[in-house]
Amino acid sequence: MDPQMMVELGALTIVGGAALIAGIAEDLESDVGSQSNPNSQVQLAPQMGYLHRLYNKAISGEPASYPFYAAIGAATTISVLSVTGSASPIGVFFALVAGAFVTALIHGIYATTSYVGRLASQSRFGQPIYLDVLRTHTPVLMAHGFVANFSILLLTWILISQHLSPFPFVVLAFIWGIALGGVGSAVGDVHLGTDRYYQDRPYGSGVNAAHSGSVVRKAESGLRNSIDCAWFCSKFGGPLTGLGFGLVVYLHFWKEVVVKDWWSAVAGVIIVVIFIIMNVYLERYSRQRYGTYKEETEAE
Amino acid sequence: MAEGEKSPRQLMVIGILGGLIGIYIASYLNSWTGTAWFSFIAALGAILAVYYGADAVRRVASYGLGTGVPSIAMLSFGAGQIAVLLGLAVALNYNVGVAAPIIALILAAIIGLVNGVMARRVIKMNIAIMEMSMMEIAMAASLVILGFSTAIAGSFTFNAIMSYVVASGFIIAVFIVGAMAMFHPFNACLGPDERQQRTLNLALSTGFIAMIVTGIASGAINGVQAAVPTLIVAICGWVIYYLRFWADTKEDAASVLSTGLLPTEEEVA
Amino acid sequence: MFDLLFWVWIILGGILIGAGVHFIPVGGAPAAMSQATGVGTGTTMLAAASGLTGLIGAGSAYYLHPGDFAYTIVMGGVSAALMIAILAFIANVMYVYGAGVPLASAKIKYDPITKWRQDLYVSRGTEGHGSPMVSFISGIIGAFLAGVGGALVYFALVETYKAIPGFSATFGSYSAPYYVSLAAAFAIGIFFLNCVMASYNIGGTIEGFHDPKFKRLPKSIVASLVVSAVGGLFALLISVMLPGGI
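Residue numbers (the numbering used here), protein chains in the order written: chain S, 336 to 635; chain X, 2 to 270; chain E, 29 to 274.
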C-alpha cells in the first residue's frame, strides 16, 4: 500500500465518521422540527380536529433546506478564512465553527417563521400558537442543525484539501447537503411518521389512510411535543440515517481511493450488486417473518 | 382582490424597476468613487425582486403544483443563473456593458417563457397563468441573482462576476439563498387563512436574511467597505420586517398562548 | 467555440435526467407513513440527490482523466446508482425493522422480477410500503440514467469552457478553476431544470417502470429536449461571446 493511499484512507475514515454524525443529527433535527414528509400529518391534524403541541417547521423538504444551510455555512467559512488565512488547522476549525454558527442562527429564524406562519394560516381550525413550544424547541433544532451542518462542512473541507474532488468548497458542500437531506428524508422520516406519530396504533402495519391526521397528542406523561419524538427516534431512526449517509459518502470515495481508473467503476458495480442481493434477502426475510395481512380467499 | 392588496402589475413594476435601479446605482457609484461602499444598494434592489417573485410564486402555487412550492423556484433559479451569465457575456462581447442587466432580464424572460410553455402545453399542467408566472419568476430570479452577485463583487462586469462570484463558488450560495427567500414565504404561510400582506412581510424579512449572507460573502471579496454597510442595513431591515410579520401573525392567529394545554371543544367553537 | 456535438450532449443529458426521474420510485409524503410504495421523498429532490452525487463522481473522474469521455460518463452513472442502492436499501431496513412491514406494492399482483406475491402483503388502507425488488431495480436504473445525464452535461460544459483562454485561473486557494466552477454551477442548474419538469409530468408519486404513470414518459422527453436545448444553447453561447477569453 503506498503512503498516499494510506493518507487518503485515513482522511476518508474521518469523512465517514463525520458523515455518520451528520446523518444522526440531521434526522433528529428534522424530528424535532417535524419537517418534510410526516409534517403533512401534523399539518392535517388541526383540520381533522386534532389540535396539537407539536412543532410545524415547513421550510421546504429536507433535501432543499440542507443544501441551504450547507451553502450559507460554506460561504461564511470562506469569508472568515479570507481574513485569517487557511494555514493553521485550528484556524480552519474555528472558521468551520463560525460557519455552522451563523447558519444555526439563520436556521432558527426560518424555523420560527414557518411555525408561526403555518399555524396562523390554520386559525380557522382553532389551533393556538404556543410560545413555549417555540421557545423550547427552536434552540434544540438549532443545536442539532449546527452539529449536522458542521459535520457536512468538515467532511467537505477534508475532501477538498485531499484533492478528492475538484469542485469549489461551496458547490461540494451544497451537493452533500442535498444528498444528506435525501437520505434523511428517505430513512429517518419513516420512523417518525409510521411509528412515533401513530404510536397508539399496532406496530406492524402502515398507517391506514382513514386515520390520516390523527397523530398522537397525549403522550406517556403530559402532552406530546416534538422533543419527545426526537428522543424516540434517536433509538433507531437517527443512527440508521447516520449509517446510510455514512455509507453513501464513504463508499463513494472508497471505490476511488482503493482502486484506480476503470477498476473504480467495476468496484462500484460490484457494490451495487451486493446491495441488490442484500435487498433480496431482506425482502424474503420480511415476508417469511411477518406473513400476509389477508388470506388468499379474501384477496380474490 | 381584497382590501389593501397589491396587484400583480404594481409588484412587477416595483420588482423589475427596483431591481434594475438598485443594480445600476450600486455599480456606478462604486466605480465613480473607486470604492465598494455602495454595494449594498444592489442587494436592496435584489430584495425588491424577491418581494415581486414571492408574490408570483404565491399566485401560481395556489393552483396546486403537485410537487410542492420549492420546485418552481429551483427551476427558475437554475435557468436564471445561466441567463444572467450569458447576458453579461453578450454585453461584454458587443461592448454594451451598461445594458448587461437588461439583456440578462430579457434572456431570463425567454427561458421562463419556454419553461412555461413546456409545462402548460406539453406536460399539460392545468394552470392558466403558468406561462406568465414562469416568465415572471424567471425574471425575478435573474434580478435576484444579479443583484446579490453585484453586491458581492462590487460591479456587474463579466470579469468581476466570474472571478469573484462564480470561481469562488458564491454563485451557488446566491442561488439557494435567493431561491429559499423567494419560496419560503408562501410555503411557510401555506394554509386556508393565508394573507398577502403577511406573506410579503415575510418575503422582505427573508430577503434581508439573504442580504446578511451576501454581506458576509462580500466581506471576503471587498473587505470592510462592502461588508459593514451591507450587514448593518440588512440586520436593521430584517428586524423591522420580522417584527411586522410577528404583528401580522398575532392579528391572524386563532390565539397566541404563552403556554397551555390543548383547547377543549367549547374553547375552539 | 460552439461545437454542435456538445449541444447534442447537453440535450441528450437533459433527456436522460428527465427519464431517470421516471424510474426512481418515490412515494412522497405518504411513504413516510408507510402508505405508499417507494422511497419517502419528493420526486425532484431524490433524483437531484442521486444525480448530483453522480455529478461529484463525474467531476472527480474528469479531474483524474481530463477529456476521457467514457470514463467520466460511466463513473457519473455508477456513483449515482450506488447512492440510490444504499439509500433504498437502508430505507427498506427501516421499513422492515422500524415500521414492521414487509416490502410490497399494491399496483401489481406479482413482482415482475422476483415473481413474489404482492397484494397479500399490503396492509389495509395503504397502497404498499417499502421498495420491493422491482422498485429497487427501477431506482438503480433511474439513478444511473440521471447520473449519466448529469455527467454528459458536465462533460460538454467543462470541455467548452476549458477552451476559453483565461478560464484556467482560480480565485483564492479554496476554489476551483473558472471552467470547473462554471460547469458545475450550470450542471446543477440544468439538473434542476430537467428534474422539476419531469416531476411536473409525474405529478406526485411513481413506483418505477411498472407503474401506469410511467407511460407519461414521452411527454417528459419532449419537454426535457426543449428546455435543455434552450438552457444548453444559452450556456454554450457564453463561449461564443468570449472568443478572446477574459
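Careful: at least some of the hints might be erroneous.
To be verified - Straight-line Cα separation of at most 30 Å, DSS-like style, residue types lysine-lysine; simulated pairs:
id : chain 1 : residue 1 : chain 2 : residue 2
1  : X       : Lys125    : E       : Lys190
2  : S       : Lys629    : E       : Lys137
3  : E       : Lys241    : E       : Lys135
4  : E       : Lys135    : E       : Lys247
5  : E       : Lys135    : E       : Lys243
6  : E       : Lys241    : E       : Lys137
7  : E       : Lys135    : S       : Lys629
8  : E       : Lys135    : X       : Lys125
9  : X       : Lys125    : E       : Lys243
10 : E       : Lys143    : X       : Lys125
11 : S       : Lys595    : E       : Lys247
12 : E       : Lys241    : S       : Lys629
13 : E       : Lys241    : E       : Lys143
14 : X       : Lys251    : X       : Lys7
15 : S       : Lys570    : S       : Lys595
16 : S       : Lys629    : E       : Lys143
17 : E       : Lys243    : E       : Lys143
18 : E       : Lys137    : E       : Lys243
19 : E       : Lys137    : E       : Lys247
20 : X       : Lys125    : S       : Lys553
These are computed hints drawn from the structure, not numbers from a lab. None of these values were measured; they are calculated from a predicted model.
Quick one, are lysine 143(E) and lysine 125(X) close enough, alpha carbons at most 30 Å? violated, 35 Å
Check whether the Cα positions of lysine 125(X) and lysine 243(E) lie no farther apart than 30 Å. holds, 14 Å
Need the status of pair lysine 629(S), lysine 143(E): alpha-carbon distance at most 30 Å? OK: lysine 629(S) and lysine 143(E) at ~19 Å, within 30 Å.
Can the restraint linking lysine 241(E) and lysine 143(E) be considered satisfied, given a maximum Cα separation of 30 Å? holds, 21 Å
Please verify whether lysine 135(E) and lysine 125(X) have alpha carbons no more than 30 Å apart. holds, 24 Å
Hint check: lysine 135(E) vs lysine 243(E), CA-CA at most 30 Å. Holds or violated? Cα-Cα ~14 Å, so holds.
Does the structure keep lysine 125(X) and lysine 190(E) at a Cα separation of 30 Å or less? violated, 39 Å
Given hint lysine 553(S) paired with lysine 125(X) - CA-CA distance at most 30 Å: violated, 45 Å
Given the hint that lysine 137(E) pairs with lysine 243(E), does the C-alpha gap stay at or below 30 Å? holds, 19 Å
Hinted pair, alpha-carbon criterion (30 Å max): lysine 135(E), lysine 247(E). Please report holds or violated. holds, 22 Å
What's the verdict on lysine 243(E) and lysine 143(E), does the C-alpha distance respect the 30 Å limit or exceed it? holds, 22 Å
Satisfaction of hint between lysine 137(E) and lysine 629(S), Cα-Cα up to 30 Å: holds, 14 Å
In this structure, the earlier hints numbered 1, 10, 11, 15, 20 are contradicted, and the remaining ones agree with it.
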